[in-house]
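J.: Sequence lines, in order, name chains A, B and C.
Under this note's numbering, the residue at position 196 of the first sequence is numbered 196, and the numbers go up by one with no gaps.
Under this note's numbering, the residue at position 321 of the second sequence is numbered 321, and the numbers go up by one with no gaps.
Under this note's numbering, the residue at position 157 of the third sequence is numbered 157, and the numbers go up by one with no gaps.
Treat the hints as calculated values from the structure; they're not laboratory data.
Any given hint could be a false lead.
[Claimed, not checked] Just a few of them, taken from the derived set where beta-carbon distance is under 10 Å, the chain C residues facing chain B:
1. LYS46
2. THR51
3. GLU58
4. THR70
5. ILE136
6. LEU220
7. LEU237
8. LYS247
9. THR248
10. VAL253
Even glycine gets a Cβ: it sits at the ideal position worked out from N, Cα and C.
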Amino acid sequence: MHPSGLYWAWYLLPALVVYLLFMAFPLLDSVRLSFFSDNTGSWEFVGISNYSKLFSNEFFEGVPYIQRYGNAIKNTCVFFCIHMLVQNVLGMLFAVILTNKRMRGRTVYQAVIFLPTTFAILVTGYLWKLLLNPIWSRGFLEGLGLGSLSQPWLGQPETALTAVSLISCWQWIGIPTMMFVAGLLNISDDLYEAAEIEGASKWSIFWRIKLPLVKPVVGMISILTFVNNFNAFDIVYATEGANGPPAYATDLLGTFFARVGILGQHPRGNADRGMGAAIATITFIFLIIGSLIVLNNTRTKEKEK
Amino acid sequence: MKRKLTLALALLLCMSMLIGLAACGGDDPATTTDNPPTDAPPTDAPPTDAPPTDPPPSADDPPLEDVELTMASWRTDDVAAVTDLLAKYKALVPNVTITFQPVNPPDYNSTLEMQLEAGTAADLMYARSYDVGQGLFNKGYLADCTGITGLMDNFAAGNLAPWQMPDGKMFAVPFAAVSHGVYYNKDIFADKGVSVPNTWAEFIDVCKTLKDAGVTPIANGIADNWDILECFFLSMVSNYVGVGATREQYENGDKKFSDDAWVKAYTAIAEAAPYLPSGFQSVTYDDMMALFASGGAAMAVDGSWTISVYDDVPFEWGVFAVPGPNDSKNINFHPDMAIGYNNATKYPEECKAFLAWLCTQEGASTASAALPTGFFPMIDFSIQLTDPHANEFLALNSGREPDARFVWPKLMFLYGPMLDAVNGVLTGSLTPQAAADAVQTAYENPPTD
Amino acid sequence: MKGKRKRRASLRLQNLSIGSHVTLCIWSLIVLFPLWTMVTGSFKDKLSIYTNTFGLPETWNWQNYTTTLTERGSNFPTYFLNSFVVVIASLLLVMLFGSLAAYALARWRSRIPTVLYFVFIGGMMLPIKIASVRLIVLMKDLGLLNTIWSLIPVYVAMGLPIAIFVLTEFVRQTPVEMLEAANVDGASPFLTFWRIVVPLLRPALATVAIYNLIPFWNDLWFPLIFISNDKSKTLMLGVTRLFGEFKTDWSRVLAVLTLSAVPVMILYFIFSKQFIKGLTAGGVKG
Chain A
1 MHPSGLYWAW YLLPALVVYL LFMAFPLLDS VRLSFFSDNT GSWEFVGISN
51 YSKLFSNEFF EGVPYIQRYG NAIKNTCVFF CIHMLVQNVL GMLFAVILTN
101 KRMRGRTVYQ AVIFLPTTFA ILVTGYLWKL LLNPIWSRGF LEGLGLGSLS
151 QPWLGQPETA LTAVSLISCW QWIGIPTMMF VAGLLNISDD LYEAAEIEGA
201 SKWSIFWRIK LPLVKPVVGM ISILTFVNNF NAFDIVYATE GANGPPAYAT
251 DLLGTFFARV GILGQHPRGN ADRGMGAAIA TITFIFLIIG SLIVLNNTRT
301 KEKEK
Chain B
1 MKRKLTLALA LLLCMSMLIG LAACGGDDPA TTTDNPPTDA PPTDAPPTDA
51 PPTDPPPSAD DPPLEDVELT MASWRTDDVA AVTDLLAKYK ALVPNVTITF
101 QPVNPPDYNS TLEMQLEAGT AADLMYARSY DVGQGLFNKG YLADCTGITG
151 LMDNFAAGNL APWQMPDGKM FAVPFAAVSH GVYYNKDIFA DKGVSVPNTW
201 AEFIDVCKTL KDAGVTPIAN GIADNWDILE CFFLSMVSNY VGVGATREQY
251 ENGDKKFSDD AWVKAYTAIA EAAPYLPSGF QSVTYDDMMA LFASGGAAMA
301 VDGSWTISVY DDVPFEWGVF AVPGPNDSKN INFHPDMAIG YNNATKYPEE
351 CKAFLAWLCT QEGASTASAA LPTGFFPMID FSIQLTDPHA NEFLALNSGR
401 EPDARFVWPK LMFLYGPMLD AVNGVLTGSL TPQAAADAVQ TAYENPPTD
Chain C
1 MKGKRKRRAS LRLQNLSIGS HVTLCIWSLI VLFPLWTMVT GSFKDKLSIY
51 TNTFGLPETW NWQNYTTTLT ERGSNFPTYF LNSFVVVIAS LLLVMLFGSL
101 AAYALARWRS RIPTVLYFVF IGGMMLPIKI ASVRLIVLMK DLGLLNTIWS
151 LIPVYVAMGL PIAIFVLTEF VRQTPVEMLE AANVDGASPF LTFWRIVVPL
201 LRPALATVAI YNLIPFWNDL WFPLIFISND KSKTLMLGVT RLFGEFKTDW
251 SRVLAVLTLS AVPVMILYFI FSKQFIKGLT AGGVKG
């Protein structure tokens, strides 16, 4: 039985109304704004000049725009890679351990792993700033014989981005872990038992059975990580500040956008909203393309199967 | 069964939401707080009451119309102080209630401008000095305050200037200025046998003596990216580069930001780097105050607004002016706060009346008494300050020429580049000459707007 | 014979469990240490926290809590109630609207749902903050400004893309025969949806709920621009204001942070069992 289009339209209506009114319309209107400038007090049409400015050598914050923008893109890519490597791989590892039915205390561990996800970013940022500050942590770390760990990790351009990325992984790891747990638990136990009886090792069970079966989950998590990282702002804001200090080492696309388009640079604070809209639009196009690639890959594999 | 219940609750909730949405379409926002959904949180918790509604009108309504005004500000620290001030005003003018609604400083400019554009901003608002405030006036958001009784007569021209348009129109009433200086722990100074330095060379000597004695000399760090520039470097600049007319020469391009004076200033601040806390890259503004308050560092270069933080520290402390290459002749005394009103307010007369009160001796004294110590009145009447540390700060002005922070009046776009330059020389990633050159390059390439 | 093999396998796994426990214990330590710092720090006083940052307080100072809860302007219970109502209402609406739409998008065979699907998930990728000014005007026209109801439609719209993305993928992977099982007994279509489809979607709905809970609860931006009167403030907005006010007094800031974090943690621990059950029950095992 295949119900008619009108039938399905009723199912779609509530979501569509809310979405169009409170998201699509305001957003499309903002994309339109990327062709305007409000620097003179009223919105003026400026064509593609916001876009061309972004890729030009025109100055912004004392250096050419393209340099700041390129730096933000580079940092965002590093930020994303660290999340994929640490957050998602560790999440997978935790999920495999947590779905081992012979393991004791699973619920407790599960609860603890997810705990930071319930924290406000404000809390996360404040606490880690305190913990990673050598002034307060030195005595404690030296007491443990770990004095060399007492470094201004968040304050050195070489280490700041990694530190912020790891803090972000610390907070969000619960989500991929949970999604992997759900994915792994949905695999029939018969499969493992059969494999165990055949004498397959833990590793080969993981690589040959578990991983292929949770591939759709991997795809979904990758897309979510990708999208969230390219819009990430709060964690840098909470641990470092909207400028992405030190020396713009933690300036992500999200902070760059917020600084240019919404907050304005302290203490001046006059935002260039047309430019902000242009940055967001480019990010959007980029994300759509990236997500389509991931989505297509996981789909094809399903069909092969 | 349980599922059905959840379903029923969910449906009920969305229906009441939709009805609520439709019903309150044209209503006054204040009346919509008690919609049905509040009563149906979908948990097992007993139904809770709607959020508290408006307080009942007072028993003895005066004949005048009751007016409720809101005041926006970036001074979240001052909630108690300003609320007291506004209560005192209400005692004088019973029909006007002003509510203080501060947001945190980094959010202030952006939310304010958005609310102004959408027509939902507060009636009264703190106005930033110089070009940020001028921008809001140019866009028609801030009202013209020039005609407010007492404003043009009771303030010196120099104190009006930060909130004045080039054509002389005022967009706010000056409220308070702040000063900057070096807080020092008198007990540590006495203990280590050092005295207050008068020149930068002496200052570095003091730092060296202290460090050799095992004390962290200066508490400042660079993690928050503003205090090192606003309190520390720009205070030095007043003496290394100059103020007033000299500043204008740089603004006009007659002098270069890569000249000797600037290179010397960057060189000098770089000399202080070894005397900052180790790991100063991670030291935030709050850490700095904590270090000084706990006796963990002997000095902190900071603004006068911090005085009250050290009210209950277990040691004696004082302030001295940030030293220059020779005896310091200038000081970074900054016009910080002013209050303007919204061009679109429903109650312009009430707003003006409040601002006019701030321009009277009585109003200004009341305000000065209510504000936290370290904010100095800008009005011409002599107002006695009670706090000894506040007077100590104010005394730094005598014999010195005060000026706003160097980049504020016309060069705000150099704030970021100059901050990068200072951070660069402190961390050793830039030479003083390279830092100065970078700022000059930024000056030559102003943003187009 | 079979038993013997099984025994050997479980022995091997037991060995592995030690490694697993060590791994998870280390991680738990990394998670719990900051928490310890926050809670113990909130009982210290203004000066002792600087000298004793990580240890137990020498004297337990409750004043940070009592003053925070009772002082004028810190309307904690109201903030809580507001946040709670906003988050729960938004989540329920996201899940309801999202599952309805996802079901239709996955099963309607036509070009229209394909297009709509991409329209929906496109919203996942744009920061809605850029639309702030439009949204303020919209809320003003709807008369919702300064009420907590202004937040719900925005959060629902914010949550829908991810909900539709996750749920649609899930429905697509569910065998059609299962979805149509109820059609036989002639129940009304909507009832079929509730009885058959929604229970099947439960794990995916749990994912959607967790995924949206955090940003809704933590959002600061929209309360900041929509709400300026105290009685409609959400918890995070109230907390940041107090945060700014007390910033020079760490132990007090930590008390405020603890107050804002602990209720969510308690809620989470109470519900975590159901939550994990919901996440893993009713999976597509065929």
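J.: So, for every hint listed, does it hold in this structure?
T.: So, going through the hints one by one against the coordinates:
Residue-level restraint check for C:LYS46 holds (minimum Cβ-Cβ distance to chain B is 7 Å; threshold 10 Å). Using the Cβ-Cβ criterion of 10 Å, the hint placing C:THR51 at the interface with chain B is satisfied: the shortest such distance is roughly 6 Å. The beta carbon of C:GLU58 is not positioned within 10 Å of any beta carbon in chain B (closest approach about 15 Å), and the interface hint is therefore violated. This hint is violated: C:THR70 has a C-beta 14 Å from the nearest C-beta of chain B, more than the 10 Å allowed.
Checking C:ILE136 against chain B by beta carbon gives a least distance of about 4 Å; that is within 10 Å, so the hint holds. The criterion of a C-beta within 10 Å of any C-beta in chain B is met by C:LEU220, whose closest approach is roughly 9 Å, and the hint holds. Interface restraint check: C:LEU237 against chain B, minimum CB-CB distance 9 Å, threshold 10 Å, status holds. The criterion of a C-beta within 10 Å of any C-beta in chain B is met by C:LYS247, whose closest approach is roughly 6 Å, and the hint holds.
At about 5 Å, the closest approach between the beta carbon of C:THR248 and any beta carbon in chain B falls short of 10 Å, and the interface hint on this residue holds. The interface hint given for C:VAL253 holds, since its Cβ lies 9 Å from the closest Cβ of chain B, which is under the 10 Å cut-off.
Checked against the numbered hints given earlier, this structure breaks hints 3, 4; the rest are met.
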